[in-house]
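Line by line, the protein sequences are chains A and B. The first sequence begins at 1 in my numbering and counts up by one. The second sequence begins at 247 in my numbering and counts up by one.
Among these hints, one or two may not hold up.
[To be verified] Below, computed lysine-lysine pairings styled on DSBU-like, alpha-carbon distance capped at 30 Å:
#1 B/K710 - A/K140
#2 B/K397 - B/K598
#3 A/K224 - A/K16
#4 B/K397 - B/K311
#5 B/K677 - A/K101
#6 A/K128 - B/K706
#7 B/K311 - A/K101
#8 B/K725 - A/K114
#9 A/K16 - B/K677
#10 A/K130 - B/K598
#11 B/K710 - A/K128
#12 B/K549 - B/K663
#13 A/K130 - B/K710
#14 B/K279 - A/K140
Hints in this document: simulated from the structure, not taken from any laboratory. All of these numbers come straight from a predicted model, not from anything done at the bench.
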Amino acid sequence: MLKINNLHAEILGGEKILNGINLNINSGEVHALMGPNGSGKSTLANVIAGRDTYNVSDGEIIFQNDDISEFLPDERSRKGIFMAFQYPAEIPGVRPWQFLKAAVDAKRLTEGQKEMSVREFSSFFDEKAKEVGINSNLLKRSLNEGFSGGEKKRNEMLQMLVLQPKLCVMDETDSGLDVDALKTVAQAVNGLTDSNRSFLIVTHYQRLLDYIKPDFVHILVNGKIVNSGDYELALEIEKSGYETYL
Amino acid sequence: MDKSNTISRKSNISDKEYKWGFNTNVETDLAPKGLNEDIVRLISSKKNEPSWMLDWRLKSFLHWKEKSVSSGEPTWPKINYPEIDYQDIYYYAAPVTEDKPKSLDDVDPEMLEAFEKLGVPLQERAKLAGVAVDAVFDSVSVATTYEKQLKELGIIFCSFSEAVKNHPDLVKKYLGSVVPYSDNFFATLNSAVFSDGSFVYIPPGVRCPIELMTYFRINTEGSGQFERTLIIADKDSYVSYLEGCTAPIRKSHQLHAAVVELVALDNAEIKYSTLQNWYPGTKEGVGGVYNFVTKRGKCLGKKSKISWTQVETGSAITWKYPSVLLQGDDSIGEFYSVALTNNHQQADTGTKMIHIGKNTKSTIVAKGISAGFGNNTYRGQVRVLPSADNATNFTQCDSLLIGDKCGAHTVPYIEVKNPTARLEHEASTSKVSDDQLFYLMQRGISEEDAHHMIITGWSKEVFKELPFEFAMEAGQLLKVSLEGAVG
């Protein structure tokens with residue numbers, strides 16, 4: 001699914017963040033990426049999604065047999081990469097419904113399908129909205145505008161459920177969430193898990209991993225993966241912190 | 247806006263093109279270039295106008311020649327353009343209906359594409375390429391549909407020229423009552439040489455059941471365009487009027503100096519919506535329309551309401567300030583605007599709300615989008631006269647910048663002469679943020695579509711004031727106009 005080889009990246013015109021990442025995610029696997037603040041976790045998530053404020057100076061990102069290093073963010077998305085944002089942007093005057101239909105249609109058009117009918121999309125959208133427990137009044141407002149932290153994250157999960165991506169990169173989706181919202185996130189992820197879909201869950205804490213059992217856990221320090229293991233590794237971090245790696 | 251219920255001068259072209267009286271060819275239908283008394287007389291006689299109309303034109307011309315020319319064009323707007331040679335303009339260009347079709351291949355592909363995007367069907371587009379449509383759109387009113395049905399309600403909707411002939415009392419009473427012939431350089435010029443336009447009268451107690459629409463199209467190269475529109479809403483009446491404008495691509499600049507006057511009597515409401523998409527010139531700033539327009543409404547009666555909504559995407563230069571004189575007690579004035587400047591376009595636009603009556607209310611929502619080398623100025627005036635007890639105004643000016651070579655300016659003038667007035671002013675300037683763009687693109691939406699979505703969302707407060715179909719078209723216009731500005 002995703003193969004990252006010797007990836008080096010820096011902030012455009014600035015500091016180097018990633019120092020030779022190697023990561024291999026197969027279909028159906030759930031990977032957790034943990035690390036202390038400033039280790040480059042979010043950078044890696046953003047670089048996979050193609051954010052242009054970072055420059056990839058070396059290495060390659062292979063997604064479904066294509067080197068996507070030069071792909072635009074929207075091309076990557078339509079190929080099946082989804083990123084759940086830590087801080088989703090607010091878009092005044094754009095309704096979540098309208099936005100998500102445009103996203104679904106963009107993908108369908110790329111795949112040679114027709115745009116979804118309004119009726120078909122509506123019922124699909126309503127069903128998924130119910131699943132993530134998002135208040136329907138919220139969906140009449142502008143996208144993310146005036147949403148609480150928890151509401152924003154639920155909205156991210158709604159988008160993930162509707163778009164049904166192949167690879168879900170979750171950038172600290174658990175940060176600032178209460179237990180209920182955390183469970184919603186976990187439900188969304190667990191509901192989507194299947195042999196054709198993979199997850200990369202970026203998190204600082206082990207908390208979310210109580211609800212989503214990862215197949216692999218990686219520890220990122222100073223832009224390098226310094227240790228990989230299974231779920232036990234996350235528990236170990238929970239107990240003794242990142243100190244041993246610093 | 248149900249098409250079958252819409253009055254559109256655009257829709258019935260094919261039916262009308264041979265019924266029209268202009269069976270002369272191009273050469274003889276163009277009066278010589280330049281402006282003098284003879285030209286004014288010629289225009290009037292071509293239209294078989296009564297003497298009072300000619301007198302009004304001559305009075306205006308005299309004022310223009312003796313006062314306007316020496317004092318010059320207004321210099322206070324933040325716009326730049328080379329000096330206009332008023333003797334190098336055709337002041338009378340009547341359309342030609344002679345069969346002289348151009349093939350679609352002759353039309354600039356960019357233009358074809360633009361029409362495609364504007365949703366003008368191929369058939370319609372094919373006609374636009376032909377001379378027949380030149381005849382229709384060239385500043386002379388050619389067809390008014392539903393005239394009969396409206397007449398049954400007592401509504402008058404006809405060309406200005408017809409109104410002069412058939413409803414002289416109404417025209418005499420209200421012409422120049424809102425925008426006097428001496429008002430400003432361009433209004434005076436218009437008063438002398440105006441070609442045609444629309445006339446609307448809604449009788450007391452009548453709610454006009456359909457939207458009235460005029461579609462303006464400039465065509466003849468080197469000709470000035472001087473439309474004149476007069477709308478009167480009598481007591482307890484309502485009308486929604488739409489205006490769309492396009493022009494073909496011309497290398498030279500074209501002057502468009504229109505005047506619109508609205509009068510609302512007791513309890514009457516006029517809603518006036520504009521989609522202005524005159525040719526903006528090339529990406530390098532060659533050609534394009536100079537849109538120097540005077541639009542003003544008078545809330546003459548108590549509890550009357552005038553609402554202007556405009557989406558200004560076209561023209562090389564836009565200079566216009568649709569305004570409301572709030573004379574009647576408890577009257578309401580509104581102005582909702584989105585003005586877009588891309589490439590080398592310039593816009594200096596806004597409104598004036600003059601509070602005269604008691605308890606008068608005004609609302610201004612002005613949004614300016616600047617891209618490329620575009621320069622966008624909001625200029626607005628709110629005046630509260632001593633008589634206007636308890637007047638209130640709310641003003642919101644938002645600017646959106648795309649790129650780093652454009653400019654946005656906000657120039658609000660506020661003059662309050664009554665201590666009971668309440669005024670609020672909000673202003674903001676923003677950019678389309680990288681976070682917003684990345685967010686939308688991460689969901690699979692292309693950069694161009696993402697920009698469009700953000701900008702349309704940002705403009706929503708204004709778009710929602712437009713009739714539905716117009717709102718859709720406005721969104722498309724923004725998209726077309728911003729092409730090349732992003733990425």
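Hints, one by one, checked against the model:
With a C-alpha separation of about 15 Å, the suggested pair B/K710 and A/K140 falls inside the 30 Å cut-off, and the hint holds. Straight-line distance between C-alpha atoms of B/K397 and B/K598 comes to about 34 Å, which puts the hinted pair past the 30 Å bound. For the hint linking A/K224 to A/K16, the alpha-carbon distance of about 12 Å falls within 30 Å, and the restraint holds. The straight-line distance between the Cα atoms of B/K397 and B/K311 is roughly 40 Å, outside the 30 Å bound, and the hint therefore fails.
Pair hint B/K677 plus A/K101 holds up; C-alpha atoms about 25 Å apart against a cutoff of 30 Å. For the suggested pair A/K128 and B/K706, the alpha carbons sit about 27 Å apart, so the restraint of at most 30 Å is met. Between B/K311 and A/K101 the CA atoms are separated by roughly 59 Å; this puts the pair beyond 30 Å, and the hint is violated. Restraint check for B/K725 and A/K114: the C-alpha separation of about 22 Å stays at or below 30 Å, so the hint holds.
Distance restraint check for A/K16 and B/K677: the Cα-Cα separation of roughly 28 Å lies within the 30 Å cut-off, and the hinted pair is therefore satisfied. Between A/K130 and B/K598 the alpha-carbon distance is near 49 Å, which puts this suggested pair outside the 30 Å criterion. The straight-line distance between the Cα atoms of B/K710 and A/K128 is roughly 28 Å, inside the 30 Å bound, and the hint therefore holds. The suggested pairing of B/K549 with B/K663 holds, with an alpha-carbon distance near 22 Å, which does not exceed 30 Å.
Between the alpha carbons of A/K130 and B/K710 the distance comes to roughly 29 Å, so the proposed pair stays at or under 30 Å and holds. Annotation: proposed proximity of B/K279 to A/K140 is violated, straight-line Cα distance about 57 Å (limit 30 Å).
Hint compliance for this structure: hints 2, 4, 7, 10 and 14 are broken, all remaining hints hold.
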